[in-house]
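As you go down the protein sequences, you meet chains C and A in turn. Under this note's numbering, read the first sequence as residues 1 to 288, first letter to last. Under this note's numbering, read the second sequence as residues 289 to 576, first letter to last.
Mixed in with the good hints, there may be bad ones.
[Said to hold, decoys possible] 27 Å max Cα-Cα, derived BS3-like pairs, lysine-lysine: (1) A:Lys570 / C:Lys208; (2) A:Lys481 / C:Lys282; (3) C:Lys282 / A:Lys493; (4) A:Lys397 / C:Lys46; (5) A:Lys537 / C:Lys208; (6) A:Lys334 / C:Lys282; (7) C:Lys193 / A:Lys506; (8) A:Lys571 / C:Lys249; (9) C:Lys104 / A:Lys392; (10) A:Lys496 / C:Lys208; (11) A:Lys570 / C:Lys283; (12) A:Lys404 / C:Lys104; (13) A:Lys397 / C:Lys193; (14) C:Lys249 / A:Lys570; (15) C:Lys193 / C:Lys208; (16) A:Lys481 / A:Lys404; (17) C:Lys282 / A:Lys506; (18) A:Lys506 / C:Lys283; (19) A:Lys496 / C:Lys104; (20) A:Lys506 / A:Lys493; (21) C:Lys109 / A:Lys481; (22) A:Lys506 / A:Lys496; (23) A:Lys571 / C:Lys283; (24) A:Lys392 / C:Lys116; (25) C:Lys283 / A:Lys493; (26) A:Lys397 / C:Lys282; (27) C:Lys218 / A:Lys571; (28) C:Lys208 / C:Lys218; (29) A:Lys493 / C:Lys205; (30) C:Lys104 / A:Lys397; (31) C:Lys283 / A:Lys537; (32) A:Lys506 / C:Lys109; (33) C:Lys104 / A:Lys537; (34) C:Lys205 / A:Lys570; (35) C:Lys218 / A:Lys570; (36) C:Lys205 / A:Lys571; (37) C:Lys104 / A:Lys493; (38) A:Lys496 / C:Lys282.
Don't read these hints as lab results, they were simulated from the structure.
Number of protein chains: 2
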Amino acid sequence: MAKQKKSQADKGGLLEQLKVPQGPVDLSTYDTRATPGFTGTKDEGKLALENLGAELSDWQERLFAEGRQDGQRSVLLVLQGMDTSGKGGVIRHGAGLMDPQGLKITSFKAPTPAEKRRGFLWRIRQALPGAGMIGIFDRSHYEDVLIARVRNLVAPPVWNRRYAQINDFEAELAANGVTLLKCFLHISPEEQKVRLQARLDDPTKHWKYNTGDVDERKLWPAYTEAYEAALERCNGPEAPWLVIPSDRKWYRNWAVTTILLETLQSLNPEWPTADFDVDTEKKRLAAT
Amino acid sequence: MAKQKKSQADKGGLLEQLKVPQGPVDLSTYDTRATPGFTGTKDEGKLALENLGAELSDWQERLFAEGRQDGQRSVLLVLQGMDTSGKGGVIRHGAGLMDPQGLKITSFKAPTPAEKRRGFLWRIRQALPGAGMIGIFDRSHYEDVLIARVRNLVAPPVWNRRYAQINDFEAELAANGVTLLKCFLHISPEEQKVRLQARLDDPTKHWKYNTGDVDERKLWPAYTEAYEAALERCNGPEAPWLVIPSDRKWYRNWAVTTILLETLQSLNPEWPTADFDVDTEKKRLAAT
Chain C
1 MAKQKKSQAD KGGLLEQLKV PQGPVDLSTY DTRATPGFTG TKDEGKLALE NLGAELSDWQ
61 ERLFAEGRQD GQRSVLLVLQ GMDTSGKGGV IRHGAGLMDP QGLKITSFKA PTPAEKRRGF
121 LWRIRQALPG AGMIGIFDRS HYEDVLIARV RNLVAPPVWN RRYAQINDFE AELAANGVTL
181 LKCFLHISPE EQKVRLQARL DDPTKHWKYN TGDVDERKLW PAYTEAYEAA LERCNGPEAP
241 WLVIPSDRKW YRNWAVTTIL LETLQSLNPE WPTADFDVDT EKKRLAAT
Chain A
289 MAKQKKSQAD KGGLLEQLKV PQGPVDLSTY DTRATPGFTG TKDEGKLALE NLGAELSDWQ
349 ERLFAEGRQD GQRSVLLVLQ GMDTSGKGGV IRHGAGLMDP QGLKITSFKA PTPAEKRRGF
409 LWRIRQALPG AGMIGIFDRS HYEDVLIARV RNLVAPPVWN RRYAQINDFE AELAANGVTL
469 LKCFLHISPE EQKVRLQARL DDPTKHWKYN TGDVDERKLW PAYTEAYEAA LERCNGPEAP
529 WLVIPSDRKW YRNWAVTTIL LETLQSLNPE WPTADFDVDT EKKRLAAT
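Same shape as in the complex, but just chain C (with noise of 0.2 Å):
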C-alpha cells in the first residue's frame, strides 16, 4: 500500500491518470481490463478499498462539518456506465464505506412526464447536495444525451443543444462550490453478457434483470458512440470525465473510492474553529 501511495502521488493522483484528455474520445483505446494505479491481487484490491474507509470517512467528516458551520462546498459523483457496469457496486462497496449521513444518493430511472415538463436539468438541480455533503447520481443528467439521442427520444435539434446546456450548468456548480467527478464505467459487451447471464442464473439476482437489457444491449455501438461524444463535448477543466476500467469489479470499487479520497484530501476541509468562547462554555456547562 505504501508503495502504491507514493507511486500515484508521484503522477499526480489516480485522479490525474483516469482523467480522459481533451479533445476526441475514442473508448476502444481503453482496456477495459486494465489496473491504472494498482499492481496487486483481487484480495489485495479488496483489503486496500477496506483500507481506504478510515481515512475516507475522516476526511467526510471534515468536509461535513465544514459545511455545517459557513462552508458551501460540497462534492458531486456522477456514476455512467452500460447495464451491468456496476453504478450499484460502487456504492454499495465504495460509498458504503462513508457515514450514510454525509451522503445523497440519487437514483435516475426514465423521467416522469412532470419531469419532463420543466426540462431535463430540473430534476438534477433538485438532487443536489447540500453544503458539506457527497451527492452520488446513479445515471444522470448524460441520460438525457445517452439514452435520449440513441432512442430518438427527442429531436436530434433536441439533444445536439444539450452538450452546451450541461457545460453551463456545471460550470455553474463549479462556481457554487460544487467538485464534480464524473465516472464512466467502462466494460467490455463480453463482461456485461457474463454479469447479464449470472443475473438470469441466480433466482435472488431476477429483480435486477430487465427485458430491456438485451435490446439496449443490441445498440452497443451507438451507446458507445453517445458516450464518446459526451466524454469529449462536456470534459471542462472543472468537470472532468474519467473512464474506470470496470470489467475488474474489485478494481472499479477500488479506483473510484481512492478518487474521491485524493478529491477530499485536495479540498483539505479544515475542523471549523469555535463560534463560542470555549472557557466560558466550560464554566458553564461545570455550574450544571
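Chain C is fixed; fit chain A onto it per the hints.
Chain A alone, transformed into the frame defined by chain C:
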C-alpha cells in the same frame, strides 16, 4: 454470539425485551447503563455489532428488492434522545453497516416558517421512506411534543392535541406498510455532562457543540416529563416505543442494530420471482 442469539430468541427477541409496556412511564426506573440481552464486554459488543453487518445487509437487500417489484413495505426507525445521546452515532455505526442506497436518512432541525404553516406533520410526510427502503429519522415529529411543550413554542391545547394526531398518523403509516421502530436513547444527565465536556475539550468536536446545549440541559426534568408523556400516550401496538439504555455507546449501537435486524427478519421479505420467462431471456441473451 450463538448463545446470546438463543437466549434472546427465548425471550422473543431484544425488541420485545426493550419495548415500553402500556401504561404510565417512569424513566427513572430504566437503568441508563444496563445492557439487556448482552452479557459480553465492550470489545465483544463492538465485534458483535460488526458481525451483524452481513446478515443485516442481506435482509436489507431483500426488502429493497421486494420494493422494486410489487412490495409496498418499508421500515422507519425514529431516533429520539437528549443532546449527545447518540442519534448520529447509531446511524454512523449501525446504519453504516448497510447499503446506503437502501437508506433514507432525515435529520430534523427547527422547522422553518414555511414548514410551520403547513402543519407539523407535513415535513415528516415528505421524508417517509419509499417501498423497500429503511427510513431513519434523527429527531422527528416527537419534537413537536417535546421541545414545543417544554419551551412553550405553542400553546398547551395545541401540543396537547398532537398526541392524538401522532397516533392517527402512525396508525395510517402502519396501514400503509410502514413498520415503525421508535427508539428513545436514554442517557443520564451525568453521562451527558461528560460528553459535552469531551466536545469542549477536543477542537475537532467544537462544531458539534452548541451554546444552547447547556440551556437545554438545565431543563432536564421538564424534558424527562415530556418524554414520559410521549412514551405513554403514543405507544400503540403498531408503533411501539423502545427504551435503549445509552450510557454505553457500544451497547446502544448494538441494540438498535439488533432490533433493526430482528424487524427485517420478522418482515421476512422474499426475493421477487421473475416477471419474465427465464429460458426465453437466456436464449435472447445468447443470441447477442
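Outcome of the hint check:
Using a Cα cut-off of 27 Å, the hinted pair A:Lys570 and C:Lys208 holds, with the two alpha carbons roughly 15 Å apart. For the hint linking A:Lys481 to C:Lys282, the alpha-carbon distance of about 10 Å falls within 27 Å, and the restraint holds. Note on C:Lys282 and A:Lys493: the hinted pairing holds, with a Cα-Cα distance of about 14 Å set against a maximum of 27 Å. A distance of roughly 38 Å separates the Cα atoms of A:Lys397 and C:Lys46; the hinted pair therefore is violated under the 27 Å criterion.
For the given pair, A:Lys537 sits about 37 Å from C:Lys208 by alpha-carbon distance, which is inconsistent with the 27 Å threshold. Taking the CA atoms of A:Lys334 and C:Lys282, the gap is about 31 Å. The hint is violated against a cut of 27 Å. Our distance criterion of 27 Å between C-alpha atoms is broken by C:Lys193 and A:Lys506, whose separation comes to about 64 Å. This hinted pair checks out: A:Lys571 and C:Lys249 have alpha carbons roughly 26 Å apart, not beyond 27 Å.
A threshold of 27 Å between alpha carbons decides the hint, and for C:Lys104 with A:Lys392 the separation of about 9 Å falls inside it, so the pair holds. Between the alpha carbons of A:Lys496 and C:Lys208 the distance comes to roughly 41 Å, so the proposed pair goes past 27 Å and is violated. Proposed proximity of A:Lys570 and C:Lys283 is contradicted: the alpha carbons are some 72 Å apart, above 27 Å. Distance hint between A:Lys404 and C:Lys104 is fulfilled; the C-alpha atoms sit about 25 Å from each other, no more than 27 Å.
For the given pair, A:Lys397 sits about 48 Å from C:Lys193 by alpha-carbon distance, which is inconsistent with the 27 Å threshold. At most 27 Å may separate the alpha-carbon atoms for a hinted pair to count; C:Lys249 and A:Lys570 meet this at roughly 23 Å. Proximity of C:Lys193 to C:Lys208 is assessed by CA-CA distance (about 14 Å); at most 27 Å being required, the pair is judged to hold. Straight-line distance between C-alpha atoms of A:Lys481 and A:Lys404 comes to about 32 Å, which puts the hinted pair past the 27 Å bound.
For the hint pairing C:Lys282 with A:Lys506, the CA-to-CA distance comes to about 15 Å; that is within 27 Å, so the pair holds. Of the supplied pair hints, the one linking A:Lys506 and C:Lys283 holds, its CA atoms being roughly 14 Å apart against a limit of 27 Å. At most 27 Å may separate the alpha-carbon atoms for a hinted pair to count; A:Lys496 and C:Lys104 meet this at roughly 21 Å. Straight-line distance between C-alpha atoms of A:Lys506 and A:Lys493 comes to about 22 Å, which keeps the hinted pair within the 27 Å bound.
This hinted pair does not check out: C:Lys109 and A:Lys481 have alpha carbons roughly 48 Å apart, beyond 27 Å. As the CA atoms of A:Lys506 and A:Lys496 are separated by approximately 19 Å, the hinted pair is consistent with the 27 Å bound. A distance of roughly 75 Å separates the Cα atoms of A:Lys571 and C:Lys283; the hinted pair therefore is violated under the 27 Å criterion. The straight-line distance between the Cα atoms of A:Lys392 and C:Lys116 is roughly 25 Å, inside the 27 Å bound, and the hint therefore holds.
Distance restraint check for C:Lys283 and A:Lys493: the Cα-Cα separation of roughly 18 Å lies within the 27 Å cut-off, and the hinted pair is therefore satisfied. Note on A:Lys397 and C:Lys282: the hinted pairing holds, with a Cα-Cα distance of about 25 Å set against a maximum of 27 Å. Proximity of C:Lys218 to A:Lys571 is assessed by CA-CA distance (about 14 Å); at most 27 Å being required, the pair is judged to hold. Distance hint between C:Lys208 and C:Lys218 is fulfilled; the C-alpha atoms sit about 19 Å from each other, no more than 27 Å.
Only pairs whose Cα atoms come within 27 Å are accepted, and A:Lys493 paired with C:Lys205 is rejected, the gap being roughly 43 Å. The straight-line distance between the Cα atoms of C:Lys104 and A:Lys397 is roughly 17 Å, inside the 27 Å bound, and the hint therefore holds. Distance hint between C:Lys283 and A:Lys537 is fulfilled; the C-alpha atoms sit about 26 Å from each other, no more than 27 Å. Taken as a hint, the A:Lys506 and C:Lys109 pair is broken in the structure, with Cα atoms around 49 Å apart against an allowance of 27 Å.
The straight-line distance between the Cα atoms of C:Lys104 and A:Lys537 is roughly 26 Å, inside the 27 Å bound, and the hint therefore holds. Using a Cα cut-off of 27 Å, the hinted pair C:Lys205 and A:Lys570 holds, with the two alpha carbons roughly 14 Å apart. Our distance criterion of 27 Å between C-alpha atoms is met by C:Lys218 and A:Lys570, whose separation comes to about 15 Å. Restraint check: the Cα-Cα separation between C:Lys205 and A:Lys571 comes to about 18 Å, which is no more than 27 Å; the hinted pair holds.
For the proposed pair C:Lys104 and A:Lys493, the alpha carbon gap of about 23 Å is at most 27 Å, so the pair holds. About 15 Å separates the Cα atoms of A:Lys496 and C:Lys282, which keeps this hinted pair within 27 Å; it holds.
Violated hints, listed in ascending order, are 4, 5, 6, 7, 10, 11, 13, 16, 21, 23, 29 and 32; each of the other numbered hints is respected by the structure.
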